[in-house]
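What follows is each chain in one-letter form.
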Amino acid sequence: MKPAANSTMERRIELLFEIGCEEIPAGMLPKAEEDLRANIEKLLSAENLSEGITVETFGAPRRLTAWVQGLPVKQPDVQTEVTGPPKSVAYDSVGAPTRAALSFAEKQRVHVNELFLIQTPKGEYLAAKQTKFGRTAEQILTTILPRAVHDITWPRSMTWTGLDAARFIRPIRWIVAVLDRKPLKLSVAGITARNITRGHRFLGSNAIRVSSFADYEKKLYSNGVIIRPARRQEKIAKELEAHAKRGNYRIHEDAELRKLVTYLNEYPSVIQGAFDPAFLSLPDEILITVMRDHQKYFAVEKKSGELAPHFLAVINADKDPKGLIRAGHERVLRARFADAQFFWQSDQKCRLADYLPKLERVTYESRLGSYRDKVERVRATACWLTEQWFNLGMAQAHVAEADRAAELAKCDLATEMVREFTELQGIVGGLYARAQGEPDEVADAVYDHYRPAGLDEPIPRNLTGCAVALADKLDSVVGCFAVGVIPTGSSDPYALRRAALGIVKIILEKKLPVSLSLAIGAAAKALLTHKPKRGVTPDQEAQILDFILDRAKFVFREREGFGYDEVSAVFRASVDDLVDSQKRLVALKAIRKTKNFEPLAVSFKRIRKILEKANVTLGDGHHVNPELFEHAAERELYSAVRAAASKVQSQKRAGKYQEALEVIAGLRKAVDHFFDGVMVMADNEAVRNNRLTLLAELLREFTTVADFSELGGEERR
Amino acid sequence: MRVKVKLEKKTKGLTFQDLFLKLSQFWVKQGCVLQQPYDVEVGAGTMHPETFLRVLGPSPYRVGYVQPSRRPADGRYGENPNRLYKHYQFQVILKPSPANVQDIYLKSLTALGIRLKEHDIRFEEDNWESPTLGAWGIGWQVLLDGLEITQFTYFQQSGGIDLDPISVELTYGLERICAFLQGVESVYDFRWSADKTYGDIRLLEEQQLSEYSFDRSDAGAIRSEFELHEKQAKELVDGFKGAAGKDRVRYPLLAAYDHCLKCSHLFNLMDARGVISTTERAALMARVRTLACRTAAAYLEQIGGSASRREVRA
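Chains A and B, in that order, are what the protein sequence lines are. According to the working numbering, numbering within the first sequence proceeds without interruption in unit steps and concludes at 717. According to the working numbering, numbering within the second sequence proceeds without interruption in unit steps and concludes at 1031.
Next up, chain B with everything else stripped away, as it sits in the complex (with noise of 0.2 angstroms):
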């Protein structure tokens, strides 16, 4: 049975679940997995296993996905119309890179509705780096009559570790395009269903969640569940050397690396919090970037495949 959603007349651009059906559909004619977001607090879609983890080693594998991500210290009580405390990307990781990737990627534009020749579509160049994943890669951000749109990203290294072969990264940026599609000013003015707008649906977790970020976290609690994940991870990571045969290969490093994501999201509410301080900061964050890339190296390891490390050429 085929039910059709009527849209008021006056609408007009897909909605924000339509956007994440269209995208689906499409990466998944390509050839992707389709994923669902990760389960534990990221800032990225990057941060999601199947993409820091995914990339690392030989095997070719392509997926998609929606992420909520948060970034507590970009939170403005809802009140800003287009930042926010936790964002939507979709994410597409390509592995390995296709030498037809930016036509694909423009048709998945065409698939949401945009007509490539009456808009100004450009490639400006925008490297990526992800200092706490110890991940960085070479790209743009794609921008639409001058509004950023999608991060570009061919993936140079992850965990640390050079990658062979080069995924491609694609992430959308869900509500600005939704917010151009629909023609709309503020984020929480657009329709995310037929009848209900964003801000029906998220304007009270920003708020009550940047609230809670800037004014109400407890900032010693966080800091020692920070220790407490790390230490985990860190035990976690360290266990692996001493494991073998069948225990080897059920050996729990992506529990390792949930502890890793959480050292992460603890650290950006400690940010927003304003509870550190100069030196501290930089501390924190390669504390954070030395759980991901013994992870990661350690992932490597266990999959089967060899860390090259080699001196890139500058």
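Bound conformation, chain A alone (with noise of 0.2 angstroms):
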């Protein structure tokens, strides 16, 4: 098969498609713009119409635009032969068609003088050609466009009219389908498509034609409506920074809210409004907060990076000639402040102890108890992991201190700022804390207790934050997969992965001296001590510790560029302390590099094989017998054996990984000779046991650092 040149494929045109939609929520449209982008390729591409275009497509509150160019005019014609009957039953003796060759041709619809004879493998036979012509992308288009809405997933979708009727994120009102300048008949959820857009909601016209996507861009900005995201962003930008300039401050900068904003608005400006500077008062976290969260304004800082009584808005309008809306945004302010002033003041009219037993009220999980349950637990594993590091002599050990952040940690949960501000949790505990006369080491563990809240986010200040952290994020680890809520895909409600890699991160980054295992034990045991009296079996245990060490394997992968195989030859030796884990890491990836390395990893893959194949374990309390030796090359290697792990011994006690590998590296010679001068499966039993005792040896005393048997080949994933 191959495409028939034709004139009319050489033109491109170009598709304008619009979903017109009630207000789309904006932190969905950066992917529903993704989603359709790909749909659209993926169904332009199945029907053979995409070489050489370009889909665009664009987000606002009220519409889902793509852009097509270079759009072939329709699908190639495809060329095909037909095979029919073979050349002995299509002619006669005389070379004339028989029936069977003319009703052929009446089939295929061709002149029977238009038949030709093809070779085949099983002879010569008739064949017809027959033209496939290709669909024009109006005809396909209108079959796809509708599917690729469809397609688009979201969070959670609805209906408008009924139960039969389309889905989407919000009511679908408009369609615009424009092909080469003319209007594209198709209809989506019921709509039947037109050229037809629809403007601003209060800045444009209701009914706006369009002819083109440049045409429709024009038209759509006089009519109040910015279609390029960028465009917007852009605006915003140009009008934030003016503001900063004549206001002489600067913007506290938050991309997250920029490209929120983007999506909230057709027609994006700013306006700046301002507050009584008695609220300046208020710490400044839960003035941002109430700001940014709450209002989407930003916070503006001044020079000296105390925050200024001034906000700037992102509105959807042109302007805002009467100070209105100004006025409007700056009263509903005032309330928010005022809430969060008379909050910061009710909440400490007792202190954030007391709020202990209020903590009884809030659930955790059903079966997990409240938190006033959970905080006892989080307290004996956050003294259990202090005591360990002030037992190794780490000078910031403080038990006690670590004792008090668990105890107040989740006292917040209770207040009102935190019930009416949410994300304020541990923020607001730690800033009463420290209002309240805590010592600065415990308001700011409390303060910072929830951290990472994310992978690039930062970890507790100091080491009780830290063991309260990770104490509170292992009981939820632990606790949750006790009581089988354990997360599976998508649903992981006690969002135990993050917390998973937050433990991971803390560990990682503050060089922490944690046992995994005993971690887990520690708070297995505070759940079985204390409510809600739950038992945890080795098997859940060792689940934990997998689920753990999942999270780190991503981490050492994926941030921290080793490869899978370096990963596996240090996990596989042994895994519990992370920082440990860490530096073999280190000094495997150093070491490769050197000529005796890669080598010597497949001769241990090797003599791992031979001992599976020969059922042997390592560590069965076989000697090596010396006087067993027939060869050479067994001694050598025995000694080299001998002496080198001794002194890997000591290396790696030392922690000096590096040195250890380059120790067993040199043992690459001798274990080259033993192959090439010995045969491991001698006849005799005896030898042939202590030849497999050797090499058992071998690899039990050189694989503790990392196991380089995994390393190299293919990656196994």
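There's no promise every hint is true.
Unchecked claim - Selected chain A positions facing chain B (in silico; Cβ < 8 angstroms):
no.	residue
1	Q295
2	F597
3	E598
4	V602
5	K605
Unchecked claim - Taking lysine-lysine pairs in the DSS-like style, the calculated list, with each CA pair at most 30 angstroms apart, reads:
no.	chain 1	residue 1	chain 2	residue 2
6	B	K729	A	K322
7	A	K322	B	K948
8	A	K322	A	K511
These are calculated hints, taken from the structure and not from any lab test. We put the beta carbon where it would ideally sit given N, CA and C, even for glycine.
With the hints as a guide, bring both chains together as one complex.
Shown next, in the form of structure tokens:
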């Protein structure tokens, strides 16, 4: 099959497609843009129409728009040969077409003279040329565009007419489809497409005829809609900057907020508002959260870094000539700040610790009890961790402070401030603790203990904060696994994956000596000795360790750039102390480049295979008997192993992993000689077993830093 | 005879009662039945049978009403300028939802004297859910210069039943709108009528009912009232199965629903009093929800519709 040359194919045309909608949630628009683009590309590609095209999509609150350029007018025609009867049947003895040939011609709708012979493996056959005419882009788009809309995935869709009708994120109210300047006939969600769009709800017309994307973009602009998100973001950035310059302050930077307001407005404009400087006595964290999370305002700072009593709001309007909008926003912010100020004072009529009993009414998980119960478990584990560190001589480890911080950590959940501004949990507790005279170590630990919020977010600042954060997260993971709340696919209601990642990140970043298995054991013990007094089985503990180690693998591979096989080699050797594992990984990565290393790894792999085949388990109590050696190479390897083993032991103890690995790499010559000269599977059973024992010892001694037999070869995933 | 109330010159914006009147007039013109507040305590206009039950089944319906809504835990002894034990909602149900419903809604704001072009009005994502009613919907909060003035919801389920057709529910927060229109900071300061403020009329009630629900209610008595109402609701719904013919049509499921509403309010009172433990809270809510869902299912059967429950695509 090959495309036929066809002059109409040279012409390329454009498609404008718009889904007109009631306000789509801003946070969902970026993904919807991407979905729509990918769907159109995929569907066009399946129809052989995607070569040389570009698909761009743009989202705004009331629309999702696709612009396809360089579309062929139609699919290429495809020429095929249809095989008919064999030559012997098709022609009679004088070479005239038989009835078989005639009926084949008739069936193929060609004249009998147009038939021809082709060579096939079975002999010569009659054939006819057929052209499969490509369908037009118009025909194809009519069917695929509704699919492209339907296949956009949303977190939660709805119906706006009834159960049998279309589903989408919000009601679809109009459709624009214009192909090559002409309206394209199609219908989406029961709405017939036209070449008429709608402008901004208040700044534009409700019926705008459009003929092309350029025309659409221009007319929308004069009707109060900037269709390209990038342009809207530019406009916002420019106006924010202008206000900052005029007011001699700077924007409290917030990339997420910039993106959000870009997708919240079809015609964004920035206005400045002010608030009573008296509110500046509230902590910055509270002021900023109220402005950002609740009102979507940008906070501004003086050059000195203090907040200024102004805010910048992005409105979906052109201007505010009478200052009504500014006055409205100021009024709302004033009420919010007044609330926050009221909570700040009324919450502190009692001390933070006085909220502890109230935590009994705040559920954590029905089977794991209330936050009051969780606090006791977190205290136990945080104290245990800190005690371990104290015993190791860490100067910052103070058990009493860890205990106090864990006791106070969740108290703010019962305060009015956190009930109103939930995203301030931890922070409010920390602020109250500090205001009420708790030591900085404790106040900061309370403030920080939900950290890290993500892989790129900071961990708690001090050791006490790390202890409480680890204990809290361990309790969540251990408790939830114990009652069977185990993350699957996209369902992870207690954010256990994030908790496990947080555990890994804190340990690695703070270089904390933590035995994961013992720490899990400590959290399990807390669950058993405190409410709800639930046991954790050894199987569950192993499952929890694997769950956390999976996150550690991810961090080592994806964030720290270690190879898949390197992580496997180190984890197979042993893994419990992540900082130690990290050191071994660094050493392994460094030594890997040296010349002896890869060949030695191949030999180790060979040794493991031989042992597996012979069913030898490492460390089964057998000892090498030098008297049974028959070859010099055996003796050489034996003494090399003996010498290396004691060096490796001491270097490992000193944490000098790279040196240890270098010693191991030095075994290469002796190992090579051994395999060159010695036949392991000797006929004499005693000799054979002795050789196997030697190899087993070698593998046992030298795979405790990293198991090289995991290295190299294809990646196993 | 036309009586013209003359307002003082310095005052601006509609009075609270003007809001009732303007919204009533507007929605009556849109074909709504003008209903009155329900006479059982409710936490929201949604709980009025004119919403909760009317959205079930296929019959078209349009209704509007003011609904004083009691939320005991939100009481602030009359000391907070925006938070109230009881607030007033104007509730509209449009069944089925018209295609231009947003435009109609915006016209209602114009009817209140709000010049749309001079303000920043937006529809910001806010899905609504009532766990005690087994009801939820998709929609927005409407923000007027950053102030939430209306909850705008396409009802998807009520009483656990998938709705078909879909109704739109509009819930105006009247105190906020009025304070905005009159440009005052505290709800207690705006004028209810030409010469009475909201505070004149309601402050005492806020003080007393906050005091009652936080400090003086008899939790034990409320708990047993809850049980009694639950028992009656359950018995009534159970009895519907056996009713036939004429008895079936007049079987008092509406009374069962009243008892269910009572349970919901009594639950709120216990909650405000702080006597519900963690595990109990979820369990009590589930009990009320079960009543609401069973009542809704029976009611739908009674009016001759069929409950269609199907997997809703996420």
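Taking the hints in turn, this is what the structure says about them:
Among the interface hints, the one on Q295/A holds; its C-beta lies about 6 angstroms from the nearest C-beta in chain B, closer than the 8 angstroms criterion. Hint on F597/A is violated. Least Cβ distance to chain B is approximately 51 angstroms, over the 8 angstroms limit. Using the Cβ-Cβ criterion of 8 angstroms, the hint placing E598/A at the interface with chain B is not satisfied: the shortest such distance is roughly 49 angstroms. Using the Cβ-Cβ criterion of 8 angstroms, the hint placing V602/A at the interface with chain B is not satisfied: the shortest such distance is roughly 50 angstroms.
A cut of 8 angstroms between beta carbons decides the hint on K605/A: the least distance to chain B is about 47 angstroms, and the hint is violated. The suggested pairing of K729/B with K322/A holds, with an alpha-carbon distance near 16 angstroms, which does not exceed 30 angstroms. Proposed proximity of K322/A and K948/B is contradicted: the alpha carbons are some 59 angstroms apart, above 30 angstroms. Simply put, K322/A and K511/A have alpha-carbon atoms about 58 angstroms apart, too far for the 30 angstroms limit, and the pair is violated.
Checked against the numbered hints above, the structure breaks hints 2, 3, 4, 5, 7, 8 and satisfies the rest.
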